[in-house]
Every structure is written in C-alpha cells, then in structure tokens.
Amino acid sequence: MQLLITTPHYDEGTHYLHAWSQLLIEEAKRKGAKVKVLEREDVTRDQFQSYLKKQPFNLVVLNGHGNEYAVAGKSNEEIILATDNGDNLFENKIIYTRACSSGVILGHVLIEKGAEGFVGYIRPFIIPLDPDYMQKPLEDPYAGPILECSNQVAISLIKGHSAEEAHKRSLSVYEQKFDELSSSKVATTHILPFLLWNMDAQVHY
Amino acid sequence: MKPEEKEISQDIVNLVVTRLESLPRNMKVSIGALEGIGGSYSVSELIDSVRKQNAVGKQMVDIQMAYLRNFSRRSSLPGPVSV
Chain Y
1 MQLLITTPHY DEGTHYLHAW SQLLIEEAKR KGAKVKVLER EDVTRDQFQS YLKKQPFNLV
61 VLNGHGNEYA VAGKSNEEII LATDNGDNLF ENKIIYTRAC SSGVILGHVL IEKGAEGFVG
121 YIRPFIIPLD PDYMQKPLED PYAGPILECS NQVAISLIKG HSAEEAHKRS LSVYEQKFDE
181 LSSSKVATTH ILPFLLWNMD AQVHY
Chain G
1001 MKPEEKEISQ DIVNLVVTRL ESLPRNMKVS IGALEGIGGS YSVSELIDSV RKQNAVGKQM
1061 VDIQMAYLRN FSRRSSLPGP VSV
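Protein chains in written order, with this note's numbering: chain Y, 1 to 205; chain G, 1001 to 1083.
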C-alpha cells in the first residue's frame, strides 16, 4: 500500500481536517503503508501532480475545499486537481476526496479516466465545531463524531478494502453515531442534522 | 436545483430559525465549499442568513429540512415486535 494524502491548513475547516488526518497517517504507517504527506504550504498543484507521476500510489486521500469540478490545496486559489487538470493521473488508484461536492462531476471523470474507485460527496461537506476546542480539535464534541465517520472511509481503504466497501463501512459508523446521539440528552444531539447531511451526501463510484 | 434558486416559505424560514436558535451559542459551522458559501459561521450568522434567505441560509434550510424529513421517516418505521 502506498498512500498520498494532502492536509492543507489555512482556515477553521482545514485546521480540523488536518488534525483528524493525522489519525489516518498514523493508521497507514501502523499498517506498514508507505505514506507521503503533503501538508500546509506544500499542497500545491505542482508538488501533488509531480508525486503522482513519480510514485505508484494506490490510494490518494485529499482533504480540503472543493466544488463539483475541483479540489483545492494550500489555499482556495491553489487548485491541485480538476476535471481539466490532473484527472488523468489516477489510473488504477482509489481516491477519497473529503471536500465539498467533488462527487458530482469530478468523481465520475476520475473513474472515466481509469481510477479504480472513488469516494466523495455530492453536496457541501459540513463540520460543526466548538471554537473552544481549536487547540485540541480531536476532542471537539461537535466535530468529533462527524470526522470519525468520514475518517472511517480512509481507514477502510488503508486496510485494503474497495471504495464500495469503505463507503459502506463508513455509513455503518454514521448509523451507529446517529443512533447513539439520537438517544442521548447531551448537547451533541444538535449535530445530528449535519451528521445526516454528510452521510447522505457521501457517494462511491 | 441549487439552494439559491429555491423560494422558501415563511413558515419554513420560521421553523428553521427556531431550530437554529436551539443550537449551542458556542457552535460554529464550517462549510468546505471552494467559493460562494464556503467559510465558518456562528449560530447568529446562520440565523441571520436564513432570515435573509441568502445562499448560506438556504443551505441551512436544506440541511434542517432533510433532517426533519429523515427523522420523521425513521420514527414512522415499525419497531421490533415483542412476543
């Protein structure tokens, strides 16, 4: 297993994705995978595409902002992958894009261009958060359940499961969280609409 | 159809505002979109957006209404039968 993962870090959303991605990197290393991490200012289109051309990664995980056609890197202006740029670099690779709406068009294009599998979202990916936890995002009671569910996609892929299986396993974690939170009286029940939104937005091809 | 293209009834606006008013005041919501609605919003900004029916507000309406529809569907499912 060779994993390429991007973890930009320039606003509250990417701060949380960056922190929760550290768990994925640790898991991949624990499983013996070769891991290349592009983080913060290093998440540029040139670096990203250069690594894809040079090394035989079989799993690519992208964290960041996105839309139907593209995913960004170190800033909203730095588009590292788009339907007209870099979409031909994923032959026989599985891609997970934890980014808004990338499942609408981009995911289909990647599959058409030879990708083995794709998991992403067909609507905006939403993270509720408590700013008091900005220094310890892994402990944030609002963001935690949602990012744990989405992390499950990448963890399953790291374990060697297919995109379809990773998607299904993630959905079952979403269902568990939904049931747990629905039956509790704590403030985290307020995140249920966002949890369900992300769950329903997740797709695989 | 994109959220900003929809017309929202005042009843739904009021319902969603009421639901957002119940959110913890310390909560923020990050939307990871590249453009337009992308950003992080406080609860009061979300409520204001719903009242103004701008794109962020319409996104919140979509999220809350999808939840209510789903919750209603789940609640109407028959429970386990005891014998």
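Keep in mind that the hints were calculated from the coordinates and are not lab data. Keep in mind that a hint or two might mislead.
Unchecked claim - Residues from chain Y shown here face chain G by an in silico Cβ test under 8 Å; the list is partial:
#1 Y10
#2 E27
#3 A99
#4 E139
#5 P193
What the hints assert, rightly or not - Derived list of chain Y stretches under chain G, where covered just means 3 residues or more per stretch with a C-beta under 8 Å from a C-beta of chain G:
#6 30-36
#7 66-79
#8 124-134
All C-beta atoms, glycine included, are put in the ideal place defined by N, C-alpha and C.
Hint-by-hint comparison with the structure:
1. Y10: violated (12 Å)
2. E27: Because about 22 Å separates Y/E27 from the closest Cβ in chain G, which is outside the 8 Å limit, the hint is violated.
3. A99: This interface hint holds because 6 Å falls under the 8 Å limit.
4. E139: violated (14 Å)
5. P193: holds (4 Å)
6. 30-36: Answer violated; 0 residues pass the 8 Å Cβ test.
7. 66-79: Coverage by chain G holds for the region 66-79 of chain Y (5 residues, Cβ < 8 Å).
8. 124-134: holds (count 9)
Hint violations for this structure: numbers 1, 2, 4, 6, all remaining hints satisfied.
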